[in-house]
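Colleague: Letter by letter, the chains look like this.
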Amino acid sequence: MKDLKHLIYFEDLLQEANNKLVQQAKSEGKYAIGYTCFFMPEVLLDLPGCFSVRLRAPRCTSPDIATYYMSARVCHYGRSLFERALEGGYNFLDAQMATETCTVTCRFQEHLQRMDVIKNPNFFCEFIDVPFKKTENSYVHYREQLRFHVLGKLHEKLGVDVSDEALMAAIEQQNEVSRLINEIGDYRKLDNPTITGYEFAVIQLVSLTCPKYLILPYLRETAEELKTREPDAKPDFRCKVVLAGSENDDPDFTKLIESCGARVVCDRYCYGAVESRQIIHVAEGQDPLDAIARHYLDASNCPRFMPQDVMRGRKKELARLVKEYKADGLIVASNKFCEYWSYERVIDTIVMKRDFDIPVCSIEKEYINAASGQLRTRFQAFVESVEIKKIQEGK
Amino acid sequence: MKKCKCKLGKLLLKLLGGLLVANVALFLVFFFDLDGKLLFYVGEPMLKKHYDNMPRKDTLKAPYDVDKYPSYEY
Amino acid sequence: MAKKIKNKEELKKLAKDFWYGKPHGERHLGELYIEKTGLYKHREWRGVSDTMYYFYNVWLYNYAMMVYDLIRYGGLGVFLKGVWRYRWVGQTYLTVMHWFDRGMEGMRGEVLRAAPWHYRGMVSETIRQFQHMFAADANLHGGKHNDAWHHTMAHNETVWGGIFYPWRDKFENVAMEMIPYFVTCHVNSHTVQNYIDAVQSIGLPGDPCPMCQAEAGLFVLDDMPDYSPFVITSNEACDASVSTSILQDWFLDKPLFAMPQPMQFDDPLVHKHCMNEIEECWKFIEEQTGVPFNWEMLKKHLEQQNELQEFEHEKWEVSAKTNSYPINGVAQALYRIYYSQDGDHEIWHHCDKKVRKVLERCVRNKTNTFPNTRHRVIAWSCAPLFFSNWPTWAYNCWGLNVIINMDSLMFDMTIRTDSYEHALEDMATYHMWAPMRRMAVGGMHHIFELWENMEKFNCDFVMMYDQLQCKGMQGVHGLFEDEFRDRNIHAIWMPHALPDSRTVTRAEIRRIVNDYMTTVMHEEPLDPSLLDFDDSMGW
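Residue numbers (my numbering), protein chains in the order written: chain A, 49 to 443; chain B, 2 to 75; chain C, -19 to 519.
Simulated from the structure, these hints should not be mistaken for laboratory data. Glycine is no exception: its CB is placed at the ideal position from the N, C-alpha and C atoms. Everything hinted at is true.
Stretch-level coverage of chain C by chain A, calculated; a stretch enters the list once three of its residues show a Cβ under 8 Å from a Cβ in chain A:
id: 1; region: 226 to 237
id: 2; region: 240 to 249
id: 3; region: 416 to 427
id: 4; region: 448 to 458
So here's chain A without its partners, still in its complex pose (with noise of 0.2 Å):
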């Protein structure tokens, strides 16, 4: 297929979490607000007069000094975001929305809050409880924390503007970017799709690091780039995957997948646009951050949930996006010490494949993988089987 116009660009705003456009937005008087989970709501820190970014720690191979605080024996994914802390790679946030969502990323957090870490004389982290249900309670509970640690510290600190109106602003916004993803996704549904995962992840991933307002003319003109782009006549890929998973912002884990056969057409884990690229919808008379609460609860899937139906669910909500991606197979794949993502790979490994007939590669991964060969071994070998299986059903 014809390159992508701006993919280079996006690779390269993807080197940095202090990226081009995050400078260009913070030298315009724009406040930067570091966060690093689905539930500390992108929308509220993309208010008019701030900006969110998701925290990444790319090329983070060796955390040393967040080790010797954070030890050996947690994930990767938080020690390497401590570690770009103290390199001073977010120097230029402002403030962090922190959420007790996952021990480690709590715990790297809780050292932004305790040490001085960021220099950033007017930094403050702030941290809101997220409930494990999808009840009325829940709703009320969360929405209220929003509204006191997150927009209430918002305009107090930052005299952010925390109005309905301009909840509605920042809602519209993000919504257009969501559409424009989402329009750009949905071209890996095509049973030849003319858009390859990793293409696909380096956008959603620009889109969760960069200021809004500024990354939104590049994701237009690549979803109107894509709407003429041809594919190649003969598909370079032997079968469609879905990605499940824990945390993962590294795009060239994607691509090693690809490399392998097997073409990534959905990306459902943390980071991913399943999830947080779904329309925000806002009923007549309904308070915008009441229909923000209730969405970013309802659209998640993220195994913390504990509700019976809800742990249930969330096997046939796979299998849905399964066969609506077209996909031939499943890959779940958590980082190594990740508590949720452990059990739950388990048992998508087993019933996914027992109850829904979709095969299965179940992959334990480090937050970057520098040591690919084993990985590329077992991704191999499934897109194999996956192969053999499809000759067989007679595809």
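On the provided structure of chain A, position chains B and C as indicated by the hints.
Modeller: Chains B and C alone, transformed into the frame defined by chain A:
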């Protein structure tokens, strides 16, 4: 009457003697950790063998009905 | 002539040792062990009075009481069926007197008269629970759901027993994992390894919290009784606990209510949410059982639980301010976490009454209960379950006297009962603070409550548990290092993997303590025979 008293006395003596023997025996079990040794060398290996060999349900075959339970919200 | 005098002196010494027991430095407790097994060549001679007390009032009494408990809580038939069916009871609980021995090694006088009561309480409550499980267990009754099955509520071990007080007069509540997993690790550390291996055999990696692994492994190995129509679970205390519910739900396949507690418990805004969760749980129970919530029953048991807490405060007062506290480190830690999590039961009051007598006597007589104390130790974070008796070893070997531990302090609150609202509010706090929570989540500053407790309990030494698979604690490792250095505090990091004695062995733990005491503290052991011995196959 005298005979009866004598019988009772003998019985009591026997009982006391029995208690004493039991006491000494139990103390020996206690002091030389014979209860521990019996369990360690005989009891546990025997039971372990039993548990290792007993037929068990293949729990991975347990059904996982995704629509079986409602939302418990009150 | 000189030889005769020497012999006479030796004889006098022998007689004295026989009558009073050897002084601490001459006991050579390590020489009593049979290589590798942890068994004793013979049990310790503690002098006539203490040996006889231990023989009659601890060993014999507890064996007899165990039989009595088995009979009164369901009978020997049910017990034997359970033993034959479930590994965790057969392989573990028959060895329970050795658990007493390990905890009470070297103890004398008033400690020997108080601490075993804590063990007695735990044993009795354990028997009550597993006997009830067996009585209700469909697996042991040909798949039939009997009356006991219909009148039992199952819950995760991190759901506080107090949640079920309102139904105490009609229903039993039994935690699913407390007896099959948690208590077993202390008594016989072999059993749990089967469950950890079982869950890893279906694909779970080795790094998640081994406690949660074992909890899930019980189900994988089909070693969980089916004793209740429904289940209540919780997110206490960590990510892996949440995830364990996923596997448990699959294998249980019965109505399950999740009662998660907020993580950020300092935030006043979370309170209402937490109270609502508890109320929803109660509605679920009402719906499942058809029996309404009983406020009077709740109030009664909360008040009784408060009595336990009140005595705990008295105990802490003595342990903090005097040298007359007659409870050793292991008994303090296990008893406290057990009853606080389990909730109010008659046996705790019975044992507290017995301990109170000893405690008051010690204070009255100003008895120095641990006369060879060199350091007053506070133990922080989660303890190694397979070596929960390490404080006994550390006292005997090094004079390290564990005064208090983190788990004891988590549940530190009295619950108001003057109104439903107050009770609910405090119950919410209790639940958010309690199971492995208060210091571990909700802001890392809570874990640093160590310093104030160190001062409060007059401690000069920290035993810092280093649970290798606890992400929360590993995630603050460096900050603790910094603080220890800045505050010039002596602290030993004790690595372990909670129930799994294979990751870090007891011998390795002892070596780490020995190394610190010799190379950093430059101290000589009180009993060198305990420095190094092989108990690798021991329970």
